[in-house]
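Throw the hints in and build the complete structure from the sequences for me.
Take 1 as the starting number for the sequence shown in full-length UniProt numbering and just add one per residue.
These are computed hints drawn from the structure, not numbers from a lab.
Watch out, some of these pointers could steer you wrong.
[Said to hold, decoys possible] List time: in silico DSS-like cross-link candidates among lysine-lysine, alpha-carbon distance up to 27 angstroms:
(1) Lys261 x Lys348
(2) Lys163 x Lys216
(3) Lys575 x Lys565
(4) Lys223 x Lys258
(5) Lys356 x Lys261
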Amino acid sequence: MAFDSLKATFYFAFSVSLLCLLPSMADAGITRHYKFHIQLQNVTRLCQTKTVVTVNGQFPGPRIIAREGDRLLIKVVNRVQNNISLHWHGVRQVRSGWADGPAYVTQCPIQTGQSYVYNFTVNGQRGTLFWHAHISWLRSTVYGPIIILPRTHQPYPFPRPLKEVPIIFGEWWKADTEAVINQAMQTGGAPNISDAFTFNGLPGPSYNCSAQDTFKLKVKPGKSYLLRLINAALNDELFFSIADHTLTVVEADAVYVKPFKTNVVLITPGQTMNVLLHTKSNAPNATFLIAARPYATAPAAFDNTTVTGLLEYESTKSLLKKNIKLPLHKPILPRFNDTSFSIKFNGKIRSLANSKFPAKVPTRVDRRFFFTVGLGLLPCRRNRSCQGPNNTRLSASINNVTFVQPNTALLQAHFFNKSNGVYTTDFPANPPFKFNYTGSPPKNSMVSSGTKVAVLPYNAAVELVMQDTSIVTAESHPLHLHGFNFFVVGQGIGNFDPNKDPAKFNLADPAERNTVGVPSGGWVAIRFVADNPGAWFMHCHLEVHTSWGLKMAWIVQDGKRPNQKLPPPPSDLPKC
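Next up, the structure:
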């Protein structure tokens, strides 16, 4: 298992080198073809073998490597009994919404024996993103990195590293994850928690019989390494650290940021982050633990385990071969509920905002929205007993609306003007009633249900404030917006004050992201320009909350010019 990880790292380094040898081709942008076979594979972790859904039999899945400006044609062939769809998380998909991937939003899923070609161009983006399944909980094993290199002759805005290493955080269940969420949806209670976290599919020595499945990072002294961090875990934000080493954050969600140093990184599901690791000038006779564990804010059960890997200096190889036991240094991670660290860390992430990489923050606002995000309750189905409070079902909502998945893709219904019976355009711009959002919850915690969307005219400048609530429990929610990057112009603890808080917004160099954590018991404000026609999903990237309905969609209308309109769907678009 560890050999597979080593082989993949070599392949990545070789592929990057190969791309660097293709200047004339890469400048123009080339077409890259990938073939993804969705197939079952037996995988052994924690002393137990189970059959999981994979791409090409690999876990984690294959890396997609491209340059800015390249076109990608990824043919996905479904060879399993599950319906499947894949999402290219963070890719803007400008006028290519048919390739975005969320099931029943931009496409019907690919059924057994069928195939679909995802066709899109990577424009104006460079950095680390990732792809994953976007139906039910299949992304627990169906995921992999997307590496977008800058155009040839365009250097990184930081010192060039000796090597680049993707580290993708995952979450592992001994049980079948489809059975886990199906049982939870039937009982109305919370799903069973995971059994382990992983680095590149490997849980490491802190878990039972997993010492042989350990991620190892081999380094040379006095060098820089670019670690491409990806949180592909289903339900947990994660703290990450390397013992006795400082990390320099240089990119978040495939956008360069003002570099800052930290001993600990916090990364939510759906977020990516590039960090520079500067090794010690002289190789120490020691091994250093790489570790990640959850940041959890709700008073509920969570997987309170720690995934570990090893940082090893190459000059210590001979000592290890002689079985000389080196001291193992361990990192210090924040407490599991350290919201203060979360607020401070996220506040340090700022756009470069220079002439080469400007921060095009909307200064005008055409449409304002205020969304409450959080948990809620639904009544138990007739003649059933449920595991939620007072015999209810746990749910989640935005502005008290829990999203009901349609049977037809929203984008098709929108494009062909057949929305009747599929969705309504009355998603509320504000909560149905005001209350002390972070104080004592209202007596009625029941949510309403519906397939509602919010409609935006092309090129509208949008300001959206997302407010956590204390209904059921206050909790941090990583919200992901498809089809756009947005600017995080403000955040705070407590209730958002529309009279005082906007004066503190950062419109100069705010973080530009595709996924942002709504602070537990707090709020976050974002701005974006609706310059991408289509149907765009927005949801919590904690998969349990998405299953419970913490999701909605935006319909962005076509503009007047031909290059502001969504083209017709491809001929092989899957049918429902």
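Name the hints, by number, that the structure is in violation of. none
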